[in-house]
Every structure is written in C-alpha cells, then in structure tokens.
Amino acid sequence: MDVFSVLAPGGYTTIQDEGRYGYQRMGMPVCGALDAFAFHAANLLVANSANAAVLEITVMGPRLEIMAEADLAVTGAEMGMTLNDQPLDGWKSFRVKPGDILDIQQVKSGCRAYLAVNGGIDVPEVMGSRSTYVGGNIGGYQGRLLKAGDIVKCGRAKRLKGIRAMPSHMIPSYPPEIVLRAIPGPQDDFFQEGLDVLFQSDFMVSTKADRMGYRLQGPKIRIRNAMPKSIISEPTMPGGVQIPPDEQPIILMVEQSVGGYTKIVTVISVDLPKVAQATPGDTIRFERVSLETAHSLYKEQQKKIQNLAARLSRP
Amino acid sequence: MQDGLFEKARFRTAGDRGILVEYGDVIDPAVNNKVRSMAIVMEDKPPEGVIEIIPTYRSLLIIYDPSITHPAKLKNTLNTLEARLAEISIPPPRTVEIPVCYGGELGPDIDTVAATNNLTVEEVIELHCEPEYLIYAVGFSPGFPFLGGLPERLYTPRLETPRTLVPGGSVGIANNQTGIYPVASPGGWQLIGRTPVKLFAPWRQNPFLYQAGDRLKFKPISTDEYDRIAAEEAQ
Numbered sequence: 001m002d003v004f005s006v007l008a009p010g011g012y013t014t015i016q017d018e019g020r021y022g023y024q025r026m027g028m029p030v031c032g033a034l035d036a037f038a039f040h041a042a043n044l045l046v047a048n049s050a051n052a053a054v055l056e057i058t059v060m061g062p063r064l065e066i067m068a069e070a071d072l073a074v075t076g077a078e079m080g081m082t083l084n085d086q087p088l089d090g091w092k093s094f095r096v097k098p099g100d101i102l103d104i105q106q107v108k109s110g111c112r113a114y115l116a117v118n119g120g121i122d123v124p125e126v127m128g129s130r131s132t133y134v135g136g137n138i139g140g141y142q143g144r145l146l147k148a149g150d151i152v153k154c155g156r157a158k159r160l161k162g163i164r165a166m167p168s169h170m171i172p173s174y175p176p177e178i179v180l181r182a183i184p185g186p187q188d189d190f191f192q193e194g195l196d197v198l199f200q201s202d203f204m205v206s207t208k209a210d211r212m213g214y215r216l217q218g219p220k221i222r223i224r225n226a227m228p229k230s231i232i233s234e235p236t237m238p239g240g241v242q243i244p245p246d247e248q249p250i251i252l253m254v255e256q257s258v259g260g261y262t263k264i265v266t267v268i269s270v271d272l273p274k275v276a277q278a279t280p281g282d283t284i285r286f287e288r289v290s291l292e293t294a295h296s297l298y299k300e301q302q303k304k305i306q307n308l309a310a311r312l313s314r315p
Numbered sequence: 316m317q318d319g320l321f322e323k324a325r326f327r328t329a330g331d332r333g334i335l336v337e338y339g340d341v342i343d344p345a346v347n348n349k350v351r352s353m354a355i356v357m358e359d360k361p362p363e364g365v366i367e368i369i370p371t372y373r374s375l376l377i378i379y380d381p382s383i384t385h386p387a388k389l390k391n392t393l394n395t396l397e398a399r400l401a402e403i404s405i406p407p408p409r410t411v412e413i414p415v416c417y418g419g420e421l422g423p424d425i426d427t428v429a430a431t432n433n434l435t436v437e438e439v440i441e442l443h444c445e446p447e448y449l450i451y452a453v454g455f456s457p458g459f460p461f462l463g464g465l466p467e468r469l470y471t472p473r474l475e476t477p478r479t480l481v482p483g484g485s486v487g488i489a490n491n492q493t494g495i496y497p498v499a500s501p502g503g504w505q506l507i508g509r510t511p512v513k514l515f516a517p518w519r520q521n522p523f524l525y526q527a528g529d530r531l532k533f534k535p536i537s538t539d540e541y542d543r544i545a546a547e548e549a550q
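Protein chains in written order, with the numbering used here: chain Z, 1 to 315; chain C, 316 to 550.
In case anyone wonders, no lab produced these hints; they're calculated from the structure.
Watch out, some of these pointers could steer you wrong.
[As the list claims (entries may be wrong)] Derived DEER-like restraints, expressed as beta-carbon distance ranges: (1) ALA310(Z) - LYS390(C): 48 to 56 Å; (2) PRO219(Z) - LEU480(C): 47 to 55 Å; (3) ARG543(C) - ALA8(Z): 20 to 28 Å; (4) ALA549(C) - THR283(Z): 25 to 33 Å; (5) ILE383(C) - MET170(Z): 44 to 52 Å.
[To be verified] List of simulated lysine-lysine pairs, DSBU-like, C-alpha gap at most 35 Å: (6) LYS229(Z) - LYS532(C); (7) LYS299(Z) - LYS323(C); (8) LYS390(C) - LYS299(Z); (9) LYS388(C) - LYS304(Z); (10) LYS532(C) - LYS299(Z); (11) LYS323(C) - LYS229(Z); (12) LYS390(C) - LYS304(Z); (13) LYS303(Z) - LYS388(C); (14) LYS323(C) - LYS97(Z); (15) LYS299(Z) - LYS360(C); (16) LYS147(Z) - LYS158(Z).
[Unchecked claim] Away from chain Z, derived, C-beta distances all over 12 Å, residues of chain C: (17) ASP340; (18) SER352; (19) GLU420; (20) GLU540.
Backbone N, C-alpha and C define an ideal beta-carbon position, used for all residues, glycine too.
Produce the complete structure using the sequences and hints provided.
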C-alpha cells in the first residue's frame, strides 16, 4: 500500500530495521538503525513488531505527502515538525490521511530521528533485512537514499485504538556533552598512558561522523613503543574505538566490517544511541566500566523496553 | 609446535557483546586452518546465545546476546571444542575457479606489473593463474577476498594515485597481495584483468561464491568468453 510520496528527501534519509545479521563473515556490515532505542520506541508507539522497517532521518527531515490513512510516530532527535502546517510532537503516535503534508525540518537537538508507520515500511527483504546499505547499494529503497518523487509503501495493519505516547521520563535528552561508558579492549594491552589519556580527556566530534564511524579530535592516543602500529586485520564491533596512525580515535559504527587498526576500548551497547545522536562539535568523554556492569545495564535496558511494550499495549 | 600458532586460544574482550578468539599471531595457512575448523564446529552446533561467528586471518569474532549467555560460558565451550578438534572430521576446503580476462581495457595495469618485474604479459598471466590462493578472510566490501600466496615475482606497489572508480570484477595486485573487487568502488590496486562472474549477487539464494578458508584459482579466458559469461550472468 502506497503511504508516502517524497516531496523533499531531507539530508540523509534511509530505510532501516534491526540490521542484516549472518553475513558479516562475507564482508557485509550489519547496518540497521543507528539508535536502537529510538528505533524500538518508534515501532512500539505504532504497535509494530520489533524489527519493522522505519525511516532513519538525519539532521534535516523530509517533506512527505501522505497517500493512505495510517498511524505514525517520530522518535529520536528533536526536529521541527508540522502536519498540514500545525506543529506536532515527537514520541507520540498521530493519525494521518491522504493528502496530508508531513514536514520534518531542521534538527534542534540530537542527530537522527525515526519515523515509524504502523504496518512497517514495506520494501523487499535483501539477505534477510530491509536495511539500506548505501555503500553496497543494497536493501532499503533500491539500495539508496530516498529522493524526491519516490513512493514509499507500508504493510497492512489495524489502526491504533488510541494515541500511544512515550512516558516523559523515558524520553532521552541529547546534550552536547556526552559521557560514553566503555570497556577496555580488545587491544588495551597495546596502550599504557594512552588509556589514561582516553579516559581523562575531552574529545570533540569532527565533521567526519557517519554510519561507518565517528572521528574524534583531541589529545593523541599513543600506542606503547614496543607494540606494532597495526594488527592483522580482524572483524570489528560497533562501538570499537579504533586508533589509526594519526592517533585520533574513531568510534566504529554499523557500516564497518574488517579493519587492521587497534581498538583501545569498546563503547557499551546501551550507550551507542548517544553516539548516534551526537553531532559535529559535541564533546565526548569516556568512562571506564567493567564487563559485568555493561551486562547488567544491557539487561536493564531490555527490561525497560519490555515494560514499555507492555505499558503501551494496555488499552 | 608451528611458529606463530598458539598452543591454546587467547581471548580478548570486544565490548559487551563480542569475544575475539585468537589462534596465532601470524598470517599463516596453519593458523587460518585452525580458525576455519573452529568456525565450522561452532556453526555446526551454535552454542545458545551466539548470534554470529566471523572468521578472519587468525581470529574468530563471536557475537553473543548477553541476556542469554556469558563470555565465561562461551570460553569453556570453545576450550572444550578446541581440545577435541583432532577427533572431529572437518570437510576439506573447496577450490573455486574464477575466470579472468587479462590485460587490455579490462586490465589496464598489466604492462606496469610486467615491466616492474621484468616479465612479459604472458608470464604475468601464467604466474598469476598458477597458485591455489588461500582465502584468508572476506571483508572490506561484500565478497572481497583477502588472498594469500601471490608469487613473489608479481609483487607490485599500489598506484600512486588511487582510481576513484574501479569496476566490479576487477582483479588487482597491491604489493604482496592479490584480490578481486566484487562491486565497483574506489581503489589503488594495479588492475591486471576482470572476471565476468558476479562475486556478490544479493538476489541469489547464496549471494557469495566462496568463504574464508576456501581456495581460489584464476583461469585465463578470452574476451569472447568474457562477453559470453557476462551475458549469462546478466540474465
């Protein structure tokens, strides 16, 4: 069913779901929504299954003409938003009808917003996922960013019985000073004072920040004298903080597969959404946590999403 | 004990969802064979909570769900499997033949490779098609094979200025490495030929022709044959 006609595509708008798993060994990065929390929340607000595809909107939103009655919700970054010129709130479902104009404007806080439609965005699954991998030209809408003139389809679904809204205490804020909790490794043994520098300094997000990785600027992180400057290429994890020859850290994200530089620490999973919402000029500090702490935070987060699902589905 | 092959796996923490398991500290067929064997036995019966297993040159990355399993448990499983590895029969690696049309427009740098090494173009082709290359890892872009075993007489430095667009299927040499670009991308390798075969076809049941640990052999073909296979692949 046709649901949107794209009048203006916005800055960098793609279709994403949870990601493409099982092919990383073939050099296929996972892709998927960069901010997993906002992504899950958007789907819950329109009663979708957890892995339904959504629009990931970056910095500047799209202008869409609505083609079918549907329930929508926008989460993540705070962006100016109007429906037929009337202001609209995020983190709350709303009903649209054919002919409506949904205009998502410039970001006010954060970086990436998620637009979910009940029934989910409908594009063919490629290798088990609807996520766009722009670098490989596959998935999503013909393997590319949305552009003006595209017609986006959604799956069939029952309309919501009422408005679903995120409890206000669960809506994250996106301040320009960010603390990322991280676990040393996989190559923390390549560093000595480098670890102290990483955990005690402020870093600035550079303009080279995208779905592949976030390059930071700050004091140099030096590899110990006796250690080689690179390693035999190995797979990378989202959140891995890589130290290339210029000694400036890069937080690796979801469109990365194999690399030959050391990773000094790895950002914990529940803090990856903070990276997804960071923009150039923001300040990042790293805080050391243990693996046990990271795991209990991970489980807490899962419980939080489960509770939210239960709460929202209550009539 | 072979040089560079660890007596027992070494584990590294790759965040709260990943364990990196290293079987050696060199690029070596024996080490890679151990990685391949462990990947096969792990995948045969994936332990509960394991999401993905990614083998590369000398290590395996295991991605797990921390709400289902724990690294300590996975390390135990891995150690047990490693100890029993000798008793488990591992299927031999496959050899995949890749047809390549060498030189001309499809391999514009073959003269450079020949001149650098004091060879004729025919000798370059013959030398390049001789080995069964070991696919140490697949990555960088979908289906890109990192191959080991390039004859020393073909070593050629990268281009000084990388091309902004290397066509998909291009076969190249960079120093002691040879490889194939599965999809069009920028690149600095010396291009010596092109394969008409699609190395990455997401629409196929099996989108890839080989995996890490397999062997790869190049076979020279004429431009006519290139066109014929290319037409078949386009269907």
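Starting from LYS229(Z), check that the Cα of LYS532(C) is at most 35 Å away, please. Holds. LYS229(Z) to LYS532(C) sits at ~33 Å (cutoff 35 Å).
Hinted pair, alpha-carbon criterion (35 Å max): LYS390(C), LYS304(Z). Please report holds or violated. At roughly 29 Å apart (the allowed maximum being 35 Å), LYS304(Z) and LYS390(C) satisfy the hint.
How does the Cβ-Cβ distance of PRO219(Z) and LEU480(C) compare with 47 to 55 Å: does it lie in that range? violated (37 Å)
Given the hint that LYS390(C) pairs with LYS299(Z), does the C-alpha gap stay at or below 35 Å? Distance of about 21 Å is within 35 Å: holds.
Does the Cβ-Cβ separation between ARG543(C) and ALA8(Z) fall within 20 to 28 Å? Given a distance of about 46 Å, which is not inside 20 to 28 Å, the answer is violated.
Given the hint that LYS388(C) pairs with LYS304(Z), test it: the Cα-Cα distance must not exceed 35 Å. Holds - the C-alpha atoms of LYS304(Z) and LYS388(C) are around 26 Å apart, at most 35 Å.
What's the verdict on LYS147(Z) and LYS158(Z), does the C-alpha distance respect the 35 Å limit or exceed it? Holds, because 29 Å separates the two Cα atoms, which is no more than 35 Å.
Assertion that GLU420(C) lies outside the chain Z interface [Cβ separation over 12 Å]: holds (23 Å)
Given the hint that LYS323(C) pairs with LYS97(Z), test it: the Cα-Cα distance must not exceed 35 Å. violated (63 Å)
Are LYS299(Z) and LYS323(C) close enough, with their CA atoms no more than 35 Å apart? holds (32 Å)
Distal placement of GLU540(C) relative to chain Z, Cβ over 12 Å: Since the minimum Cβ distance to chain Z is about 27 Å, GLU540(C) lies beyond 12 Å and the statement holds.
Between ALA549(C) and THR283(Z), does the C-beta distance stay in 25 to 33 Å? 51 Å Cβ-Cβ, so the 25 to 33 Å window is violated.
Comparing the model with each numbered hint stated earlier shows that hints 1, 2, 3, 4, 5, 10, 14, 17 do not hold.
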